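Listed below are the residues making up each chain.
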Amino acid sequence: GENVEQHPSTLSVQEGDSAVIKCTYSDSASNYFPWYKQELGKGPQLIIDIRSNVGEKKDQRIAVTLNKTAKHFSLHITETQPEDSAVYFCAASVTYKYIFGTGTRLKVLA
Amino acid sequence: GAVVSQHPSRVICKSGTSVKIECRSLDFQATTMFWYRQFPKKSLMLMATSNEGSKATYEQGVEKDKFLINHASLTLSTLTVTSAHPEDSSFYICSARPSAGGAGGNTIYFGEGSWLTVV
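Protein chains in written order, with our numbering: chain A, 259 to 368; chain B, 427 to 545.
Worth flagging that the hints you see were computed from the coordinates, not collected in a lab. Keep in mind it's a predicted model, so treat the numbers as computed, not measured. Fair warning: there could be bad hints in the mix.
[To be verified] Okay, the calculated bits of chain B under chain A, using three or more residues with CB under 8 Å as the criterion:
1) 469-480
2) 536-543
[Claimed, not checked] Dumping the calculated DSS-like pairs for lysine-lysine here, alpha-carbon to alpha-carbon at most 27 Å:
3) B:Lys481 / A:Lys355
4) B:Lys492 / A:Lys300
5) A:Lys300 / B:Lys446
6) A:Lys355 / B:Lys440
7) A:Lys280 / A:Lys300
[What the hints assert, rightly or not] DEER-style ranges, computed between Cβ atoms:
8) A:Asn325 / B:Thr443: 46 to 54 Å
9) B:Lys492 / A:Glu273: 28 to 36 Å
10) B:Pro466 / A:His265: 15 to 23 Å
11) A:Thr353 / B:Pro512: 33 to 41 Å
12) A:Glu297 / B:Pro512: 44 to 52 Å
Beta carbons: idealized from backbone N, C-alpha and C, even for Gly.
Please model the complete structure; the sequences and the hints are all you need to start from.
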């Protein structure tokens, strides 16, 4: 079955710096890769997603890249702000069954 | 748009009792809803897939008699934890897949989660 690895597990950056979180998936049939932000005690919120027919997608300070050959996809957050501090999860799916990564706890230091 | 509401957000129950958690899609119809369990500082684990009008599909290792799922309408799925024990204490999250339209066939939207504490 699908397996998604996510790194790093924790990440601390200074405000204004960039943060990069990487995920690797195993099922080459996966075709949809969403990223979620989860704040303490709340449900995950979709922040950006990418489909397998696209290599990169950007939305303001957030971007996602996908390398299908290597089965890697990454989340890039530029000009980080304290409110970006949260746990971020990647996921991979073939249909609507999501397999989540293990999460990255991002701390943006003011 | 695409709001999923869970209720209650927090619940405390006594061991041996049953507790029901509701998941509602507020502004879209959802043929399929999903229930996840999340332990502190861990990832989301899919428990079951709930299909409107039919039996839920449970993931391996999840007791269907313990975690009863009912998806009686296109906007409501319920998870009932039966004969709850302290080890059932967890954060339960639902998600819903729009029946039509939305951001794409694979996009699902999450509720805010429900904290269950069994004492």
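Inset, instruction - Check each numbered hint from earlier against the structure, then list the numbers of those it violates in ascending order. - result: Of the numbered hints given earlier, those the structure breaks are 6, 9, 12, listed in rising order.
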